[in-house]
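There are 4 protein chains.
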Amino acid sequence: MKKIAVFTSGGDAPGMNACIRAVVRTALYHGIEVVGIVRGYKGMIEGSFTPLNSQSVSNIIQRGGTMLKSARCDEFRSKEWRQIAYDKVIDAGIEGMVAIGGNGTFTGADIFLKEFDIPTIGCPGTIDNDLYGTDYTIGFDTAVNTALDAIDKIRDTADSHDRVFFVEVMGRDAGYIAIQSGIGGGAELVMVPENPDSFEGVIETLRYGRENKKSSAIVVVAEGEELGNANVIAGKAKEALPHMDIRVTNLGHIQRGGAPTALDRILASRMGMAAVEALLQGRKSEMIGVINDEIVHTPFDDAIHKKKPLNKELIKMVNILSI
Amino acid sequence: MKKIAVFTSGGDAPGMNACIRAVVRTALYHGIEVVGIVRGYKGMIEGSFTPLNSQSVSNIIQRGGTMLKSARCDEFRSKEWRQIAYDKVIDAGIEGMVAIGGNGTFTGADIFLKEFDIPTIGCPGTIDNDLYGTDYTIGFDTAVNTALDAIDKIRDTADSHDRVFFVEVMGRDAGYIAIQSGIGGGAELVMVPENPDSFEGVIETLRYGRENKKSSAIVVVAEGEELGNANVIAGKAKEALPHMDIRVTNLGHIQRGGAPTALDRILASRMGMAAVEALLQGRKSEMIGVINDEIVHTPFDDAIHKKKPLNKELIKMVNILSI
Amino acid sequence: MKKIAVFTSGGDAPGMNACIRAVVRTALYHGIEVVGIVRGYKGMIEGSFTPLNSQSVSNIIQRGGTMLKSARCDEFRSKEWRQIAYDKVIDAGIEGMVAIGGNGTFTGADIFLKEFDIPTIGCPGTIDNDLYGTDYTIGFDTAVNTALDAIDKIRDTADSHDRVFFVEVMGRDAGYIAIQSGIGGGAELVMVPENPDSFEGVIETLRYGRENKKSSAIVVVAEGEELGNANVIAGKAKEALPHMDIRVTNLGHIQRGGAPTALDRILASRMGMAAVEALLQGRKSEMIGVINDEIVHTPFDDAIHKKKPLNKELIKMVNILSI
Amino acid sequence: MKKIAVFTSGGDAPGMNACIRAVVRTALYHGIEVVGIVRGYKGMIEGSFTPLNSQSVSNIIQRGGTMLKSARCDEFRSKEWRQIAYDKVIDAGIEGMVAIGGNGTFTGADIFLKEFDIPTIGCPGTIDNDLYGTDYTIGFDTAVNTALDAIDKIRDTADSHDRVFFVEVMGRDAGYIAIQSGIGGGAELVMVPENPDSFEGVIETLRYGRENKKSSAIVVVAEGEELGNANVIAGKAKEALPHMDIRVTNLGHIQRGGAPTALDRILASRMGMAAVEALLQGRKSEMIGVINDEIVHTPFDDAIHKKKPLNKELIKMVNILSI
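Chains as they are written, first to last, in full-length UniProt numbering: chain A, 1 to 323; chain R, 1 to 323; chain H, 1 to 323; chain Z, 1 to 323.
Be aware that one or more of the hints could be misleading.
As the list makes no split between identical chains, a pair holds if one copy fits it or if it spans any two.
Distance condition first, Cα-Cα at most 25 Å in a straight line; then the derived SDA-like pairs of lysine to any residue [to be verified]: (1) Lys307 - Ile84; (2) Lys307 - His30; (3) Lys307 - Ala240; (4) Lys214 - Ile32; (5) Lys214 - Leu28; (6) Lys213 - Ile111; (7) Lys284 - Ala237.
Derived from the structure by calculation, the hints contain no laboratory data.
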């Protein structure tokens, strides 16, 4: 293998740059050339390739976002456009690829690989932590700490005004960001899609807290919560508890950016290195993961379709620790 | 004067605790006793007074929120309840008061003072910076930096995805937080109530940027913007610019909390000291301010009713610096 | 078991308060009373016990340091004083204890327990991460991120001035903080006591970097590095490389404080809960750990004397990623 | 004027990039070309000029350090080398310059200007805030907040262990960083070169605090303190107060880096704009400053030689607020 490509796709996540840096430098260390594909599959179709050397990735380990950019690419769903992408890839002399992204990214890579047999290895880059085959995804720890920092700030004002705050956090269909930022933020309640919640339970918890001298409360609501979004749930709570001062805040896109935490930088670096080493070992169609501090390889098919369970012990913890 | 009271009222702001600390320690330095009134005017009516000594305010200079809490108090609008408050104040031996808060706080203090002649001095504590008689209010600099940190994070993701973000920030009827966080965040456009904006202007700015190779853009929208909130404006922008990927985020209550910045801690400390010294000099019915780095005293009446103008030069800056 | 005590001892670490909170609330959940011992073994001898309820530990999960304080206690090394401590503990009705600290803390607890058979469970609280029986200790992740944030700032100035910086980080005899902050910070070299370093190697790395267009460099030196401290090593480097602009900075005690990260808060919460549950199960003389995301119990004797190995793969990573 | 140059020189300061961005975009707005001189006077001699357009300065407003780098340049002290620099400047078609830096930078510019009459305007970029002609220098507010954040962390551990910490901060001959971070950090004592300190006073303050139930203390020592550095002063305090647990930490170079605060970004942007406008108005040999929120122009000669006084009221504040 003489030349590989690296690209990012799907929602950006802090640590993607650290991963790109690791891919580039590990490849160079093994005497392999690297090109970056700008804007993922869109750039592949357009032939937006840029050579990357050691200086190209200097001073980016601490930057949020992705220097290779990301973009939606509906064209890549059709065979004709994938053929065009393949031609561009072959013309550029690319013999293997590292794809950094989430579910959609790996689905695209898997199809492309089955059609054209370009060896591709994936690195899980998404703040949602919803990928099977790894304990943590790149960006998750940073997103949790960003959400936590916001919850700490909100608690200052909740406490000063004896208020109840419903805080909505990201995570798509998964409750990982919610449960971790909720426990870390000392939330009175965390609502996640993996656990059945009831509206009565919310009211009960808030009432119980008030009766037990808790003047304020924080309820963390995951984006994918089955009872509805934070506004809907808070609206019902206001009806049932008219004497409480209830507010809502949606943390939104701040959770995607910022300098990555140490954990995310190290994880991203290890994964980027392992991806290049996997290509060198002749592996393909696999996602790199870290489970119990060891590098593991999971077939794209499993990474995409298998469900990573949420640790239910954590939900129990919220109840005990907020008494 | 042998005993004074201090209280916070209205929306909480980072630095209020630093101000309380300064009031307490300056009073003790001059041999005066201090009591804290918990929950502002509500606590005054209820007689929620707590003695404060040097240790009471130890290790709070860095905390957001207010240790004396704040609360709405509709009762205080009626004479009967104010009479009750007055009786409680007199019973407690309180001879002067320091009120930390905003417009509403000073309005209450002014009426109370006119009726019962309890000397009261105000310290401007609000993140909105909308008070006449001071260059900065306590909490403003922290709120701006919190908003700025959020905008920096949003730019990471805006830039990675070539997106336009409408970011709504607090400030009630004033555009101070918007203009400062917008300039600091390198926003392409800042929309504030003090300046007439047009929907066409928004579209024009976004189009111009895209034509001039700006792949992403940030528009900061003040809470009080006359064209509508960020959702409304972004909705119209989406219609007019269907090819742009336009998102909205409302920073919400994170802007109220967090450890105060150096500027806010020093400002709050100076103001708290000056408030006690003003009481000792026999002053009353005035708000402490800092203008051109000097302590100034402004009658409550002016602080409440006069309008502080926004520096229009700053709006011009946004246009030039975002080209 | 009707009443337990909790205390912190040894160097403080961010997350100790989160652990105290979890101990208190888990005990209350199980109907057990809790007292806090102030200043560790010193407070035990002096009988400085304070009852803790749910409100006592409210709003502390985000605070650095330890609300129960910590202190050296040489008296506890003698049997007579331990007898006094025991009498105080029995008088207070304490039937079990949770000790939060490091090596020295557990050594004291182990001796005390063997003499007087008070069931004690330990929670590993130290920024150094040098305890056998757990993947992470409470405070480590926060200390790493604090060091990393400092290294990011130093890189700004290193890069602007084409300088070489030797940055000394904490960790006593262990290189964990150094290796993680070094990789995360994109250091050109990390020097830890677990790995033999040579002065020639340092010079070689700096020369190689300069020849390969690296204008600046960061060398992270662990406190326990066998070649000497950062000043000593930098001094020799200056002699050998007189044309380089070489600076030294010792991060010092900032690494001990600050709001704990999400990881530390959750880890501390889990460990505090597990410690109380272990006492309820009749366990004693064990340290709680989390290995591969599962709670494990390690006899004090092993936790104290066995050596946790540093992942050598991480040292190799530094070399590859800094090319 | 058709083409101007911008460069940074002296110690780097957060906000220099924001200033460069403002210079570039304001010049472009007025139809003027801009080149960046890399590494200040060194780059001028070497002809290291790089054209800057709007994109060149995109996404740098939030970055610490300086993208144009800085370097020592002893050659510039001799006429021959300045002649060479002048020839390079003329060859490049440069008709005016903006110099961002401190005392040394302006001294160089002043001499150069007197010899060759190239119009030059200075922007004060230094964390020390020691320049006459402006209330704040670029980078000062960020450095103060960085020092403050460190002091907050140190207080966590000081408080947990009942310790006294001597914290040394930067500032060269000026005590601005010390006094502001000291007041903001709630220090018990601040030692600055502008105010005579005595060793007895230090001991007295620490003793008084301990007698008045202060279990811990923070003493902030300015780099230029006339009684010696923090180590020296702490050493004497240890002798006089052997029962206190006294520690020292030197914050070092972390004070130079990091993302600039809102205040620094706005200040730098205003100054950069004003510098270009001054060149257009035919001004030269002046430093831009902001006094009482207004742009002012100070001749280099005054900026270099006049002394900006430290507000002594702030020193008095420390005594009162730490009782």
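For Lys214 and Leu28, with the copy left unspecified, which applies at a CA distance of at most 25 Å: within, between, both, or neither? between (58 Å within a copy, 16 Å between copies)
Cα distance capped at 25 Å. Does Lys307 pair with His30 within a copy, between copies, both, or neither? neither (35 Å within a copy, 34 Å between copies)
I want to check one pair: Lys284 and Ala237. Are their C-alpha atoms no more than 25 Å apart within a copy, between two copies, both, or neither? For Lys284 and Ala237, the Cα distance exceeds 25 Å both inside one copy (51 Å) and across copies (44 Å).
Go through the copies and call it for Lys307 and Ile84: within, between, both or neither, with a Cα cutoff of 25 Å. neither (33 Å within a copy, 56 Å between copies)
First find the shortest C-alpha distance between Lys214 and Ile32 inside one copy, then the shortest across copies, and answer within, between, both or neither for a cut-off of 25 Å. Result: close only across copies, 20 Å inter versus 60 Å intra.
Can you give me the call for Lys307 and Ala240, within, between, both or neither, at a CA distance of at most 25 Å? Answer is neither: 36 Å inside a copy and 41 Å across each miss the 25 Å cutoff.
When Cα atoms must be at most 25 Å apart, do Lys213 and Ile111 count as within-copy, between-copy, both, or neither? neither (57 Å within a copy, 33 Å between copies)
Going down the numbered hints, you'll see the structure goes against 1, 2, 3, 6, 7, while the others check out.
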